[in-house]
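Asks: Make the full structure from the sequences, and use the hints.
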Amino acid sequence: MSLIFDIKIFAVHDGPGIRVSIFFKGCPLRCAWCHNPESRSALPQKMYSKKKCIGCLSCIEACPENALQMTPDGIVTDCLKCILCGACVKACPSKAMEMCGRPLDEEAVLKLLEGERLFFEQSGGGVTFSGGEPLSHPEALLSLLKKCGDAGFHRTVDTSLFASAEIVKSIAAETDLFLIDIKHIDSSLHKKFTGVPNELILSNIRLVAQMGVPYWIRIPLIGNANATEKNISATAQFIGTLKTAPQKIELLPYHKIGDHKIEKLGGKIAANDFYTPDEKTIENYNKILLSAQLSL
Amino acid sequence: MTPRIDRLRKESYEAVPSLSIERALIETAFYKNNYGKYPIPVLRAMNFYEICKKKTIYIGEDELIVGERGPKPKAVSTFPELTCHSVEDLQVLKSRTLQPYYISDEDIEQYRTEVIPYWEGRTQRERIFSHVPKEWKEAYESGVFTEFMEQRAPGHTALDGKIYTTGMLDFKRKIQKHLASLDFLNDPEATDKQEELTGMAISCDAVILFAERHAELADEMADDLEKELADNMFDSESEIDRLTQRVAELRNIAKTCRWVPAHAPRTFQEAIQMYWFVHLGTITELNGWDAMNPGHFDLHLAPFYDKEIAEGTLTRDHAKELMSCFFIKVNNQPAPPKVGITAKESGTYNDFTNINIGGIKSDGTDGVSEVSYLMLEVINEVHLLQPGTSIHISKVTPDKFLIAGAKIIRKGFGYPSVFSPDTYVRELVNQGKSLEDAREGGCSGCIEVGAFGKEAYLLTGYLNTAKILELTLNNGLDPLSGKQLGLKLGKAEDFETYEGLYEAFKKNIAYFTDMKMRVNNYIDSMFAKYAPATFLSVLIDDCIAKGRDYYNCGPRYNTSYIQCTGLGTTTDSLSALKKHVFDDKTFSMSKIMEALKSNFSQDKGYEKLRQYIINNTPFFGNDDKEADDIAVRLFNDLRDAIEGKPNIKGECYHLNMLSTTCHVYFGKITGATPNGRFANKPVSDGTSPSHGADTNGPSAVVKSLGKLAQDKSGGTLLNIRMLPSMLKTDDDINKLGALIRTYFMLGGHHIQFNVVDTKTLLDAQKHPEDYRDLLVRVAGYSDYFNDMNADLQYDVIMRTANESF
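Quick mapping for you: the protein sequence lines, in order, are chains A and B. According to the numbering used here, the first sequence is numbered sequentially starting from 771. According to the numbering used here, the second sequence is numbered sequentially starting from 289.
Calculated directly from the structure, the hints in this document are not laboratory data. Some hints here could point you the wrong way.
[Unchecked claim] Pair by pair, the computed Cβ-Cβ distance ranges are: (1) D294/B - Q1017/A: 52 to 58 Å; (2) G844/A - E787/B: 38 to 44 Å; (3) R292/B - N1056/A: 38 to 44 Å; (4) A935/A - E669/B: 55 to 61 Å; (5) K422/B - A878/A: 52 to 58 Å; (6) E999/A - R1060/B: 39 to 45 Å; (7) R872/A - T785/B: 33 to 39 Å.
[Said to hold, decoys possible] With a straight-line cut-off of 30 Å between C-alpha atoms, the simulated BS3-like cross-links for lysine-lysine are: (8) K956/B - K450/B; (9) K778/A - K1047/B; (10) K867/B - K820/A; (11) K834/B - K956/B.
Given the structure is predicted, the values throughout are model-derived calculations rather than measurements. Beta carbons: idealized from backbone N, C-alpha and C, even for Gly.
Replies: What follows is the structure, given as structure tokens:
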């Protein structure tokens, strides 16, 4: 069963127009700067927000396993005891306890999309499947893509393309636009920062470009990781060798918005020295990438 | 922006609002000598003439469009015939922290000795308050409803295009014709008509005289300058050039003021000056609500602009400079000072002139012109408190105009707001207007719809729906004042079903709306009798033809509105009671009532209940059927309580859904509500969702609002707050345009945006000196954040900030 962890209605930064974004849970990559830490595991997870907690202890009373404890840091869950039954989530009045990850309900998704049709039509928008990694759920994704295609919705898939060529091909046949991340052009550094090398990803990008499916390239721009002129130039060079040009190349500057979610999952924010590059640098990189795009 | 506009703008921005007692002095002397000698309409017109004849005329340095209501910019007249401020009132107005009006001690003293003694016992306000029944007074003082006409006259209208083809002399000829044809044998009203028409004719003369006095002053100023130039008083050549040019400008002003408003304008400048004299005339005659409004100004000016551009007598830049001068003139007229409850329902210097830009022509085709774009540029450059502006986006409006307007919205001034002519034309037709009159209509004030130039559509006051629910839950007793205000229909715990509770609530709504309408009808009669607006009557069809005043059925259409506030709060409260008490039975009614009584006291453990309600109740604004059904039903029932009830003008009341700042005042005197809102906090504004209740983004909000039968109201109001980061790129702007278009396809009437982040607002509270010019959208108009009281600031900050659009 495929899980999703969020549906964003009125998403405006996940492809053209006004969109609905559906976020699959589970990702084969482990990007050091990941801003959706709850998307990594393909299993349900419990999240707890100390900020929302009013300290009423309803969750502790409700827990059948005695897995919860009130501490100066708020409620702490003993993961060995917790069976993810959700009793605490149900008991919590302030939504401080939430279950992240729910089964994908195809029918409900299609109904929701239908309700947004006017916005799609007026803005040239549609549905975006994101994650996590949507290509880690090829069957569920393909089925939904087909049904969305039948309903006439514009379909975007936001992916790292870390999947077999076969999967990419089958998904590409039902996709109107790919949003593809290139996290680092150097494979060993790619492995260092994301946990996997990039050869498969780059060959899949070539494949998509060859198939002629429209795509955008998106580069998360992380200071002290990939935000170097060398990396950007090499990436631009790679893009210059592709069969068809990307419709758009976007730089996504690093931000820390996801950090609080690591704490909500019960983890500790790992120390890192990432930073957001300044605007001048970003502008310079944009120029380099634009010339690559234009050369195609 | 030209250096001239830069200077005039700065002067206007920095001028301190003050009170001028000049009008009161002229009027008091006139009334002392003449009251009782003439029929009331003639007396009122002669009084207006006297003011136009004697008031100080002001022409500022560099000005191209001239005329002020007071003796100088931002000097506001008083209207003792309506409300005569006491010495204490004047002291309060002078010294209060928010919206103070400066007045010197000498002026206060003169007011005390010359003005106050005459008007004591003779004012409109005293007439009203001496008449109202006890239960009305108690409900009014407890905040169940407000009363618009206790300090200001009814106005609430906008002009159509007739003043651009009809001068005051033409109006006079028309009036004379009707006077000559009066039938004293067969028409029992002939005498009344004669008096009213005579008043109208005098009013035309008054405005012509007012303009001529400007012409004289302009010539005098030009003569003086010429003399100084002839005497070689200046060394620098650039100074000589500048003054020589100013002489020419003054001569042109004189020429313009000799031509308009006596005659129909011929040029772009004359057209603007024509409107401005008419505007000043109406706001000098009386202090009608929402000042005056040119309506579809771009539509009216376009022919003058096109003709002059073609003939080469006008450049685009000069047209823009003239338009900028006009905008600054509007900003120079702060709202007349209000005190007491009326100051709370409308606590602002803004006087609500709301210029309509774009939209459609009377044949239904696209009304956008080059003047529309020029006005958008002026909004962007001048961006003062006033005038308010709105863009009108119909099916036939090109995207180019929508996008140009959206780019100004992005600037975060809170204006222009956005209206749908396709919806409001339907509203007007549903109210019985002809299609053509409806298409010439638009929106004035905040969001209220009317047939421009042909209708008196009077706002009579706000209704506090959340308070009425509170009273219903307390067997009609007001927990705050301890008074029995509502009907005794049982205690909250006595209602066995949701339907039973709702029916009681409905009965109370009808009880209070009936109570309010009874008094409104009396007030309307008082205005018709004692304060006819003979000049305004010249401008609105068919007052001349009928020989009747604007306040006395003269207009072709006569509407009275009651504005219902708190739809979001009340819907969510009903939804909470329905779900948790009656459907799920999670909590007993007595537990909820205890929680409300304790204001969700944390010590008594009610925070858990409050959180449960907030997080587990279907709320309005999320495209949630359960909540939206309640909102739709409430909207329809409010309409049923009001719609079609006769007013004194042979027509009827209609529903309106605006709130101005009244939702903050109403919140202040309403206890905790079942939706989890704490006591004293603002209730929801207009038809917007409650603060923070909308968690599914703007598309869900507009879908919820789209379910209301908006075209069967006189206007709704939707506030959406967005973070500036959402509107960075042109692509984002296109998406904003798509949101607006979709809302209007769903039947939306109005939508407005605050584009500002929470950090900025919090910082502005801490360091007001750094944010003097931070404009934000309140409810149908913009205001300086620092001119708003802390409650209203809280209200804006607590509105859901949409990050992903």
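Asks: Are the Cα atoms of K956/B and K450/B separated by 30 Å or less?
Replies: violated, 44 Å
Asks: Are the Cα atoms of K834/B and K956/B separated by 30 Å or less?
Replies: Violated: K834/B and K956/B sit about 45 Å apart, past 30 Å.
Asks: Starting from the range 39 to 45 Å, see whether the pair E999/A and R1060/B falls in it by beta-carbon distance.
Replies: Roughly 43 Å apart at Cβ, these two residues keep to the hinted range, so it holds.
Asks: Should the hint that R292/B and N1056/A are 38 to 44 Å apart at their CB atoms be regarded as holding?
Replies: Between R292/B and N1056/A, where Cβ atoms are some 40 Å apart, the hint holds.
Asks: For the pair K422/B and A878/A, does the Cβ-Cβ distance stay inside 52 to 58 Å?
Replies: holds, 57 Å
Asks: Assess, step by step, whether the Cα of K867/B is no farther than 30 Å from the Cα of K820/A, and give holds or violated.
Replies: Between K867/B and K820/A the Cα gap is close to 28 Å, so the pair holds against 30 Å.
Asks: Would the pair K778/A and K1047/B pass a check requiring their Cα atoms to be no farther apart than 30 Å?
Replies: It holds: about 24 Å lies between the C-alpha atoms, which stays within 30 Å.
Asks: With 55 to 61 Å as the target window, see if A935/A and E669/B comply at their CB atoms.
Replies: Holds, since A935/A and E669/B (Cβ atoms, about 57 Å apart) stay within the stated range.
Asks: Could you check the hint for me, namely that R872/A and T785/B are 33 to 39 Å apart, CB to CB?
Replies: holds, 34 Å
Asks: Take the C-beta atom of G844/A and the C-beta atom of E787/B, compute their distance, and say whether it sits inside 38 to 44 Å.
Replies: holds, 43 Å
Asks: Given a hinted range of 52 to 58 Å, is it respected by the beta-carbon distance of D294/B and Q1017/A?
Replies: violated, 44 Å
Violated hints, in rising order: 1, 8 and 11; the structure is consistent with all others.
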